[in-house]
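Hey, can you work out the whole structure from these sequences and the hints?
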Amino acid sequence: MRISFALLLSSLALIVVVVVVIAQSTDEEWRDYQLEYLDQAMGRASSDTVRQALAASGLEIQQDTLAGFEDTTRIDRCRTCHMAIDDPQFENGQHPLKTHPKMAGHSFSEFGCTVCHAGNGRGLTTYDAHGDDHFWPEPLLAAPYIESSCARCHPEPYLDETPHLRRGRKLFEKYACVGCHTIRGVSRGKLGPDLTDVGTNFKIDYLTESIVDPKANAITSIMPKFVMAQKDVQALTVFLKSRRGRQMFEDPVTLRIKTKEWEQEAARELSETPDAGQMAFDERFCASCHKLGQEDGKLAPDLSFQGLLREKEYIVAHLSDPRRHTYGSNMPTFFMSESEKKAIAIYLTSLTAFDLPAAPKEQYALLCSRCHGEEGAGDGLIAENLLPRPRQFTNAKFFNWLPEDRAWNDIANGVPGTAMPPFKKILSESQVQELFSWVRSEFLKSDRKKWKRPRPKTGANPVAYSPESIKRGHDAFQLRCYGCHGRIGDGNGPNAVDMLPRPRNLMSTAFMGAVTDQRLFESITYGIVGTGMPAWDYLPKTQRWDLVNFVRSLSKTGPAAPSNGK
Amino acid sequence: MTTANLNPERATEAVEGRRTFISWITAGALVLSAGLMGIFNLIFLRPRVTYGPPSKFRVGKPDGYSSGAEVVFPAARVVVRRRGDEFAAISLVCTHLGCVVNPTDSGFDCPCHGSKYDSAGNVVAGPAPKRLSWYRIAQAPNGELEVDKRKEVDSGTYLEVKA
Ligand code: HEM
Ligand code: FES
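Chain order of the listed sequences is V and R.
All residue numbers for the first sequence refer to this note's numbering, where the first residue is 1 and numbers rise by one.
All residue numbers for the second sequence refer to this note's numbering, where the first residue is 1 and numbers rise by one.
Since the hints were made in silico from the structure, they are not lab data.
A couple of the hints might just be wrong.
Said to hold, decoys possible - Cross-link-like lysine to aspartate or glutamate pairs, in silico, DMTMM-like; alpha carbons within 20 Å at most: (1) LYS98(V) / ASP105(R); (2) LYS56(R) / GLU60(V); (3) LYS61(R) / ASP48(V); (4) LYS102(V) / GLU144(R); (5) LYS450(V) / ASP405(V); (6) LYS98(V) / ASP39(V); (7) LYS225(V) / GLU384(V); (8) LYS162(R) / ASP48(V); (9) LYS260(V) / ASP302(V); (10) LYS397(V) / ASP410(V); (11) LYS361(V) / GLU442(V); (12) LYS190(V) / GLU173(V); (13) LYS56(R) / GLU110(V); (14) LYS56(R) / ASP86(V); (15) LYS149(R) / ASP197(V); (16) LYS61(R) / ASP86(V); (17) LYS98(V) / ASP32(V); (18) LYS149(R) / GLU110(V); (19) LYS425(V) / ASP302(V); (20) LYS151(R) / GLU60(V); (21) LYS61(R) / GLU110(V).
To be verified - Sample of chain V residues at the chain R side, in silico, Cβ under 8 Å: (22) LEU7; (23) LEU8; (24) ILE15.
Here the structure is a predicted model, which is why all the values come from computation and not from measurement.
Think of the CB as a built atom: it goes at the ideal place given N, C-alpha and C, for glycine as much as any other residue.
Written out as structure tokens, the structure is:
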């Protein structure tokens, strides 16, 4: 008895389940839109013939099969819901039953919808079709981002109807994005990632975020944070979204030929005069990052009186490889001919007009605060973009440890391997000392302590620079030092990101060439006060010298200890 | 169960009756759900759309055709004919082995095995077993004509479009 009851109940439950499943799978969103359309269209129809046709039509999936856009056939079913797109009676309709604006030369049966709007053409629910799912790579493009789709067929110069795209293209040069990024046919920068395909790979929000806050998705990004109006961000996003690799009318073979030609295009030659240099400076949009006179990109050093700071040879070498002198520079390498580099160097070294104010406070504001910050906290306008970072004068421990004459020397002669330039052509020896004592009194706010026990003087390196010594140094380094300085000694160890000042890049020839073995030994032995570098005085003395030898082997300076080192 | 104690015979009868009733309902429900599932699985087997060329397509506004015009749509293998204010769509696929027939002055000729059709698509010569199909033609809301190749109509069926 019980069993037959149970059987009865379950068979009734089964029928309920079957009916519910059938009802659910036949109750599709699009049927409602089609019923609504047929209903409204009946009322709005222009003639009886049309009314007859409407009366005879049933509910069905409307599909456009589009050939010739990619290697496969595209399927768009958007018109299943958007039935009124070509019905002129629905100008004032409500989405999805609304007439599409006139598009000369683009018939729906030939172009479909997703070629321009994106979305998932096969979807039959709003959620699927509009690509709202997080994992669908191409959600619908709203205005003005839809302009990016026009560029897939209409190459430069972009159509008048796509003002955001046109502006974005110009801004890509104006903000000097071209310097770092490659986009085939547009730019050849090598410092940042290739953006030829970004539009395919990333959605609008991600692109915008990457422009506004480059570190948002990659903490190690060296891309500067641009000071940009919202309008510009939007235009650039439209332009980036339009970068979707091969354009729809290009076949792979012509594309390869074009790419080859593009890669081989030669750099231009310029006459070596200040005027030509100034022209190149403008055309390369150097002031998008640097300051020169009134123009200020707020990202890179002031070049207004560069003639007083750097030599012509330095500038030419810097343009060839900005990381030769400053190992952490994020300035892009431009593809310039030798004559263009020379012209720019001649122009920059011709800038020697500078009125030095008398008061150290004003001197500091003009010369130092752009990097070291108004409050001396090492957080000047452009500090974010410098590596090594500018020193914090508020770090009393460090500056009370740093010998006074080393600080003076750093101001007068600059710090090789960093963006700190030599100021000796601007400041006399006494002015340097005056300025530094002002910095101390203004920012340090504590006095130098006397060493209780003076450090013993370091003698010459007793361990010969030999493969065996370097090997021993290497082993010790990989055990003790790599966490901060990195396995290869480039200062990018796993702990480096959390440290300020950052660990030194020991591979930098410019920096290592300027320090003696004695200074290296002392830095290892005593550590550097006020930084993350600890003291290693408990290691055997010979091991510390092995480490010095190993560190020397990392840069191109080799064993030669510089004679004028500090 | 009190009645069962008083009159065992009648109680047994009642239980019997209830048993058969329950069995019938149970069986009925099972058969019904199996039937429904079967029907819907069959419906499910038939594709709602396929990836071939669309069977319903637009062929332009009526004013695009001069009176007496016959316009061939090669991809769709259809000819659209205008006669006065009337329109018709006729298949160009030979009913013999499926070659595409050519319109001629007198009707349609098949190049493959020599079938000949008159202007209404009726067979006049050759191996073709059947007349050419006529398709339904209708006017879409935007004024364009629309041919639906899934819907065949009687030969000689014209759609009248008033200007
Ligand atoms: C991939 C094919 C499709 C494309 C390219 C497309 C495109 C669009 C566009 C451009 C809009 C206007 C959005 C706006 O003005 O904010 C829209 C709205 C709409 N679409 Fe689609 N659509 C597609 C498929 C579908 C399908 C299949 C459905 C129904 C199941 C649908 C339902 C709707 C609805 C309900 C709206 C109004 C929503 C709103 O205004 O927020 N769409 N669609
Ligand atoms: S296919 Fe036309 S006659 Fe055989």
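Here is what the structure says about each hint:
| no. | hint | in the structure |
| --- | --- | --- |
| 1 | LYS98(V) / ASP105(R) | violated, 45 Å |
| 2 | LYS56(R) / GLU60(V) | holds, 11 Å |
| 3 | LYS61(R) / ASP48(V) | holds, 16 Å |
| 4 | LYS102(V) / GLU144(R) | holds, 16 Å |
| 5 | LYS450(V) / ASP405(V) | holds, 16 Å |
| 6 | LYS98(V) / ASP39(V) | holds, 14 Å |
| 7 | LYS225(V) / GLU384(V) | holds, 9 Å |
| 8 | LYS162(R) / ASP48(V) | holds, 9 Å |
| 9 | LYS260(V) / ASP302(V) | violated, 38 Å |
| 10 | LYS397(V) / ASP410(V) | holds, 18 Å |
| 11 | LYS361(V) / GLU442(V) | holds, 9 Å |
| 12 | LYS190(V) / GLU173(V) | holds, 15 Å |
| 13 | LYS56(R) / GLU110(V) | holds, 14 Å |
| 14 | LYS56(R) / ASP86(V) | holds, 15 Å |
| 15 | LYS149(R) / ASP197(V) | violated, 42 Å |
| 16 | LYS61(R) / ASP86(V) | holds, 13 Å |
| 17 | LYS98(V) / ASP32(V) | holds, 15 Å |
| 18 | LYS149(R) / GLU110(V) | holds, 19 Å |
| 19 | LYS425(V) / ASP302(V) | holds, 16 Å |
| 20 | LYS151(R) / GLU60(V) | holds, 14 Å |
| 21 | LYS61(R) / GLU110(V) | holds, 17 Å |
| 22 | LEU7 | holds, 5 Å |
| 23 | LEU8 | holds, 5 Å |
| 24 | ILE15 | holds, 4 Å |
The structure is inconsistent with the numbered hints 1, 9, 15, although it conforms to all the rest.
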